[in-house]
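Chain B: place on chain A using the hints.
Chains A and B, in that order, are what the protein sequence lines are. Under the working numbering, the first residue of the first sequence is numbered 1, with each subsequent residue one higher. Under the working numbering, the first residue of the second sequence is numbered 1, with each subsequent residue one higher.
Keep in mind that the hints were calculated from the coordinates and are not lab data. Errors might be hidden in some of the hints.
Which copy is meant is left open, so a pair is good if it fits within one copy or across any two.
Stated by the list, open to error - No farther apart than 20 Å at their CA atoms in a straight line, the calculated lysine-lysine pairs in the PhoX-like style are these: (1) 341 with 302; (2) 201 with 161; (3) 274 with 161; (4) 302 with 276; (5) 192 with 206; (6) 302 with 274; (7) 161 with 341; (8) 206 with 161; (9) 276 with 192; (10) 274 with 206; (11) 161 with 276; (12) 341 with 274; (13) 274 with 192.
Predicted model only: the values in this text are computed from it and were never measured.
2 protein chains.
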Amino acid sequence: MTPKIAQFLSDVQPATPCLVLDVDRVEQNYRRLQSALPLARIYYAVKANPAAPILERLTGLGSCFDAASWEEVSAVLEAGAAAESISFGNTVKKESAIRAAYARGVRMFAFDSEGELEKLARSAPGSRVYCRILVGNDGAEWPLSRKFGCEVEMARELMIKAGEMGLDPFGLSFHVGSQQTNTAAYAAAIAKVAMLFTDLKEAGVKVRMVNLGGGYPVRYRAEVPEIDAFGDAIMGAMAEHFGNAIPDIVVEPGRFIAGDAAVVSAEVVLVSRKAKDDPVRWVYLDIGRFGGLAETEGEAIKYAFRTPHDGTAEGPVTIAGPTCDSTDTLYEKSNYRLPEKLQPGDRIEILATGAYVTTYASQAFNGFAPLAEHYI
Amino acid sequence: MTPKIAQFLSDVQPATPCLVLDVDRVEQNYRRLQSALPLARIYYAVKANPAAPILERLTGLGSCFDAASWEEVSAVLEAGAAAESISFGNTVKKESAIRAAYARGVRMFAFDSEGELEKLARSAPGSRVYCRILVGNDGAEWPLSRKFGCEVEMARELMIKAGEMGLDPFGLSFHVGSQQTNTAAYAAAIAKVAMLFTDLKEAGVKVRMVNLGGGYPVRYRAEVPEIDAFGDAIMGAMAEHFGNAIPDIVVEPGRFIAGDAAVVSAEVVLVSRKAKDDPVRWVYLDIGRFGGLAETEGEAIKYAFRTPHDGTAEGPVTIAGPTCDSTDTLYEKSNYRLPEKLQPGDRIEILATGAYVTTYASQAFNGFAPLAEHYI
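Okay, chain A solo, but in the shape it has when bound (with noise of 0.2 Å):
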């Protein structure tokens, strides 16, 4: 928690749940992002927090922009970002935001598939592609699945295809995975990228960028590697395959921009046990899976918690949130522990909240109002 917030909220005192994010250290991560990759083009992420103060202070700092969605792009204009600072990453679009992207500048679209080319090729004719290949995700906290991406051959059938269609074949791109802890990880999928530059510039398709994707780790409840560390295993991977030829690089940060920038203000709503000599207390916060606080899904984000007891007797917990759904328990299985003191009406913070939070919020499961939202 930044001095900043911790200042807002004990002067404030805002209605909890809410988030409240230091638009500060948005930018210093940006930096620190720009220091660790000098070579990388910094494209934030929008879907991990598109709040208009973090677009417009990443827009003012020169960042460019992946968007998900036709709303993102528009989004990312508003906030006073040209359109050739937009990538629209999402490889699964309707025809329809193709074309209201493309009417208002956006010429860099990903792909993974020959149907996604058809769209692209009649609806944002020219435009600089790339296409999203399948990589490994061992090592990251919240995986990725198949769900994007093709496999290497098809990515070099469709890469030839899209300058037959008129389309730019302009880049490869990957993902290993979101909360990537591993360095080894973007390695090895450098190196599955190289290979494939090569057969394609054979085919007579000159790539000119690899699109390094996100991953890049905030710190919950574990220390996580230094960005540095990243860095460097990404540059040295890249001077092994690449050698003095190296791509433009592309980096699509969330994560870590927005994620340790902020805090979520929560109430204590219970503490009880389910039987009198049950050493487990439940805690029930006035946020939880539908609240926000999405990815606690199969346990997988682990967040820390701050309360005012904090350095007095702990026991073990679990943490679940406000809803009749018992779906939406937070941790039971992570060995969390609170203090013994903990009661209803204590407030405590959840940190590193400020990625993939607040849209995730529910419109209103159980009649409770989606997450609170101040920007400092």
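Same frame as chain A, now just chain B:
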């Protein structure tokens, strides 16, 4: 899909994704349940779908309501229902919510812990309270874990304490899990409750109500038992365990009332393969887990689909949502098959989506607006 919904979709061709709900079907379901359980009082679980047209229709039918929050209490009152018809059924309530409900005349509250009893004694003095006990959830497709309810021995102590604290220890409740397809689950839970009734009577506490919760299933992809089978199992168990001293019976259906009253109309955004020879197509829709279909988590609820090509040759598919989140995948392991002819732009219907869909929709994940809703 009811004829009224089919007509509406054909006449209006509403923008996708959207939900279309036939309020007449809600009434039919209410009457079917009433006829299967004539001795029970029906408390509609507002959280299943809190739309005003549903609450108003049910109010007109004399239904009671199970509310999960002050906001739901308020919605029920706005629909014209009397405060006496409301049970505040969440065992985890902010004290401010208890006070607000009590001030508007609500006099029935759930609890499962001493901490909650203390709040109720302070802020809803004299109210009827009922204690939720833990029972097995075997057979439920959306089981409830241990989040709500306490062990029987603790329930016994808390019911005695409730009387001492100036509350009315009115009833006991349990929940066998949502989309419960095993009629025997109720019999086992009723036996457990009946023993506690007897114990409490010996301790001088005369309990007058048993709340059987909800969980009555809706037909999704697979057949489920008829509601009459649940009625028979429940009344058989009540007679067996309570003889001719059957207490008030309360049921809290949500899914059963609203589930099959609606369809989601969606659009196919992309059909693709991960490799040329991959037999499985990926079908991406403009609605997914974060657009309302949250109960597909773990592929728990298996919705049925209707396409314009039904009856033609089908092949295996993975079905996914439109966001850049790879957990936004609906069905990968449940052997779904869809027509080979399916293509981007096709409209499809997702059946029996009237309950636990609209309110789960995220406020803006990836920039997508929440599901539009049409009540006809």
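Hint by hint, here is what the structure shows:
Proximity of residue 341 and residue 302 under a CA criterion of 20 Å is satisfied in neither setting, with 22 Å inside one chain copy and 43 Å between copies. When the C-alpha separation of residue 201 and residue 161 is checked against a cutoff of 20 Å, the pair qualifies only within one copy, where the shortest distance is 14 Å, while the shortest distance between copies is 79 Å. Within a single copy, residue 274 and residue 161 get their C-alpha atoms only as close as 62 Å, which misses the 20 Å cut-off; across copies the closest is 16 Å, which meets it. Taking identical chains as interchangeable, the C-alpha atoms of residue 302 and residue 276 are never at most 20 Å apart, the minima being 28 Å within one chain and 39 Å between chains.
In the homo-oligomer, the alpha carbons of residue 192 and residue 206 lie at most 20 Å apart inside one protomer (16 Å), although the nearest pairing across protomers, at 72 Å, exceeds that limit. In the homo-oligomer, the alpha carbons of residue 302 and residue 274 never lie at most 20 Å apart, since the shortest distance is 24 Å inside one protomer and 32 Å across protomers. In this homomeric assembly, residue 161 and residue 341 never come within 20 Å of each other (Cα to Cα): the closest approach is 65 Å inside a single copy and 23 Å across copies. Proximity of residue 206 to residue 161 under the C-alpha cut-off of 20 Å is restricted to the intra-copy arrangement: shortest distance 13 Å within a copy versus 78 Å between copies.
Proximity of residue 276 and residue 192 under a CA criterion of 20 Å is satisfied inter-copy only: 19 Å between copies versus 57 Å inside one chain copy. Taking the shortest Cα distances, residue 274 and residue 206 never come within 20 Å of each other, neither inside one copy (64 Å) nor across copies (23 Å). Taking CA atoms no more than 20 Å apart as the test, residue 161 paired with residue 276 passes between copies only; the shortest distance there is 14 Å, against 68 Å inside one copy. In the homo-oligomer, the alpha carbons of residue 341 and residue 274 lie at most 20 Å apart inside one protomer (18 Å), although the nearest pairing across protomers, at 53 Å, exceeds that limit.
Taking the shortest Cα distances, residue 274 and residue 192 sit within 20 Å of each other only across copies (16 Å), while inside one copy they are farther apart (52 Å).
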